[in-house]
Amino acid sequence: DAGVTQSPTHLIKTRGQQVTLRCSPKSGHDTVSWYQQALGQGPQFIFQYYEEEERQRGNFPDRFSGHQFPNYSSELNVNALLLGDSALYLCASSLGPGGEQYFGPGTRLTVT
Amino acid sequence: DQQVKQNSPSLSVQEGRISILNCDYTNSMFDYFLWYKKYPAEGPTFLISISSIKDKNEDGRFTVFLNKSAKHLSLHIVPSQPGDSAVYFCAASPHRGGSYIPTFGRGTSLIVHP
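Going down the list, the protein sequences come from chains A and B. Under this note's numbering, the first residue of the first sequence carries the number 1440, and numbering increases by one thereafter. Under this note's numbering, the first residue of the second sequence carries the number 416, and numbering increases by one thereafter.
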């Protein structure tokens, strides 16, 4: 039973560029949530997707956007990258928005 | 403003002894509390949870205690093992009937010495 997978594992971008991160949920899960974990901090909620729609959003600017596909996989897009966007980006999947969340290993984004 | 606080960045314990990790919260709407464990290069994994209708929940070596009046919870690990060495995150969520979005603390790094 495949768990939550994320790609890429690491990437390095330059300020002002755009980035797309990908997440495949655990088998049987239909909801995907994205979190940003800055160094020395806990994961901070970005948004949650269910039924291909953004259901809830945390305190993040519009530069952060996402998408969920019919197969429940999801993308996180960040435009106009800032140095402060450097962080570990975690994807979590669940069965429904109220289900227990299972986390992927994360994508480490470095903005230079 | 941190709604979930873990004031001890790190904790060092001898193998076989008890590890106690503490967490405080400020939001009265939180009524479901969780602990996650995170190893390097892995995502957080769920460890144990407690609902606000309880004050204690046990699962093997792990016990979580909730003091609602003090808005405080703690995780006890007995006996501690070297494999328990990891970062532990406390998280809290409002009633999970609709959606479930945990707010995380900054984590406590536990080191268990052989």
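Keep in mind that the hints were calculated from the coordinates and are not lab data. Glycine included, every Cβ here is placed at the ideal spot set by N, Cα and C. Please note that a few of the clues may not be correct.
[To be verified] With beta-carbon atoms standing in for the labels, derived distance ranges:
1) Ser-484(B) with Ser-1504(A): 37 to 45 Å
2) Gly-431(B) with Thr-1549(A): 19 to 27 Å
3) Arg-1496(A) with Thr-441(B): 36 to 44 Å
4) Pro-1509(A) with Thr-441(B): 20 to 28 Å
[Claimed, not checked] Derived SDA-like pairs: lysine to any residue, alpha-carbon spacing no greater than 25 Å straight-line:
5) Lys-420(B) with Gln-1495(A)
6) Lys-469(B) with Pro-1447(A)
7) Lys-483(B) with Gln-1483(A)
[What the hints assert, rightly or not] Rough simulated footprint, nothing fancy, chain A against chain B, three-plus residues with beta-carbon under 8 Å:
8) 455-463
9) 513-523
Check: Hint by hint, which ones does this structure get wrong, listed from lowest number up?
Finding: 2, 3, 4, 6
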